[in-house]
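> When you get a sec, could you build the whole thing from the sequences and use the hints?
From first to last, the protein sequence lines are chains A and B. Take the first sequence: its letters are residues 1 to 297, numbered as in our numbering. Take the second sequence: its letters are residues 1001 to 1276, numbered as in our numbering.
It should be emphasised that the hints constitute simulated quantities derived from the structure, not laboratory data. Heads up, some of the hints might be wrong.
[Claimed, not checked] Below are the EDC-like pairs computed for lysine to aspartate or glutamate, each with C-alpha atoms no more than 20 Å apart in a straight line:
| # | chain 1 | residue 1 | chain 2 | residue 2 |
| --- | --- | --- | --- | --- |
| 1 | A | 7 | B | 1177 |
| 2 | A | 140 | B | 1177 |
| 3 | A | 228 | B | 1203 |
| 4 | A | 127 | B | 1238 |
| 5 | A | 7 | B | 1099 |
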Amino acid sequence: MKIKRFKGWLYLLPALAFIGVFLVYPLVDVVIYSAEEGYNFATQQSTGTGLGNFSFVLRDPYFLSALKNTFVLVIITVPVSTGLALLISLGLSSIKKLRELFQTVYFLPYVTNTLAVGLVFMILFKKTPYSEGLVNALIKIFGAPSVDFIDGPWAAKMFVLCFYTVWVVLPFKILVLTSALASVKKEYYDAAALDGTPRGRIFRKITLPMISPMLFYLVITGFIGAFKAYSDAVALFGTDLNAAGMNTIVGYVYDMLYGDSGGYPSYASAAAIILFVIVLTITCVNLYVSRRRVFYD
Amino acid sequence: MAKKITNAVTYVFLALWGVVVLFPFYWMILTSVKGYGAYTSEVTPSFFTLSPTLDNYREAFTAVPLAKYFLNTLIFTVVTTALMLAVIIFAAFAFSRLEFRGRDAVFTLFLALMMIPNELVVITNFVTVTNAGLRNTFAGLILPSVTSVFYIYLLKENFAQIPDELYRAAKVDGTSDLKYLFKVMVPICRPTVVTVTILKVIECWNSYVWPRLITDDPDLYLVSNGIQEIRQNGFGRENVPAMMAAVVAISVPLVILFLIFRRQIMAGVSRGGTKG
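The following block contains the structure:
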């Protein structure tokens, strides 16, 4: 019996070692870092303990701009991508021909390298002295003035970032919603058809309640994912996101840690903890709302 | 009649989104076969080319060490995935098959850890790896990328479905635990193992943040960092066709992988993938 107990731990050992060193220890350590004021990476000394790092980060204009960008991105992309995914999935579930082809095509962005394809989006939206770029050529056809979406006004840059984010996250949402729609029992629809229920009412009274758990799952993961946006922005605007005015909270964390502006793990830790608290709060609010609104079978 | 119209509208809408998805792919391939001179002389980009060329691909593989980036990514992906598979198979076996005190407590702890975002631990990992002198090494790249609590969970759930009778029968025959694990459990759960492998390969192929933090030596760049480097300083800034050739080269392996394992990938992602 004793050997058996020992054996269980032995099989678990590699996982415990990896998780201990790279997941549990850092979790404790990040809290310690965030409390060490004036920490110097070279000498590994700090001047004191307290909440100084948090108040620095919360007053840093770069952080506030990153906070604003992230919130705008979240508020736009989460509803747009979820709504669009719902429309597309409803469309997919109402057709038979070409359905598999559409599903395959829609999934493609999931398996692409975010950095590489972001470069294509940059080329499409960019305006250079000798070429106006495809999107601007299209805008001109409709008679509107052209805009530089990559180095131009903030709203234009935000638009491209939101567009690219939606493009990237949609495959996952479409996949989840199509399988949710497929799992709604056919008997419900048959019964509704027998009563001559109009389509809109079928959607509100049958489809929506039945897929609501998955819809809420997507909203929650969508919020979490959008709050952690970073590589999409790098792909479009380059590594110096502060200069482009397009930094995100995660981008701020990495900038504080590494690169030309780096060397401040304490500020990075404080910003990461602030991000975690925001995400946790929003997830809790979501869960609270979902308990009252979502129909669980 | 009304139904026909709705149907037509549905197809038009779906086709429209299909175009939005496919267009960037079309554009990167198109641009990658346009000649440099032809591309730069287009003030308004044209939607096709009459004189396709493969020069840009030659340029992409010679002017920047793209082949090196590929090799690095391949090594990184294979080693990380192999290590992760070993770790999660053993852990899932311990959780689902062996009995020992503290097992359920540790499993609960693992579940709780699934909620921890990577951003929170990356800071200390960066410091740990730097202090260990592992910056700009494969070990520094690979080791922190191995852990995957979620995949342990996924595999454990699958292992737990295998009936106990099989295990007891194997024990009566004198089969060792290790042999039982690899001759019986892993083959039975092959679909899950394949799914986890593919998801991890996709994740490795696309990983950007950790490699960027831990490598500043171009000899160790992965494709994501390579493409960023190309964007910033490669090819004399404005050689867009060569850049697009590199993008196509980077995108092709995963698209092929996807077309081969389409069903497994889509089933696997709907069970456990998150991107965005």
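> Run the distance test for residue 7 (chain A) versus residue 1099 (chain B): straight-line Cα separation, threshold 20 Å.
Distance of about 9 Å is within 20 Å: holds.
> Is the hinted pair residue 228 (chain A) and residue 1203 (chain B) satisfied, with a Cα-Cα distance of at most 20 Å?
16 Å, holds
> So if I understand the rule, the pair passes when the alpha-carbon distance is 20 Å or less; does residue 140 (chain A) with residue 1177 (chain B) pass?
Given pair residue 140 (chain A), residue 1177 (chain B) is violated - Cα atoms ~70 Å apart, limit 20 Å.
> Need the status of pair residue 7 (chain A), residue 1177 (chain B): alpha-carbon distance at most 20 Å?
Given that 20 Å is the threshold and the Cα spacing comes to 10 Å, the pair holds.
> Holds or violated: residue 127 (chain A) with residue 1238 (chain B), Cα cutoff 20 Å?
12 Å, holds
Hint check: a violation occurs at hint 2 only; the rest are consistent with the structure.
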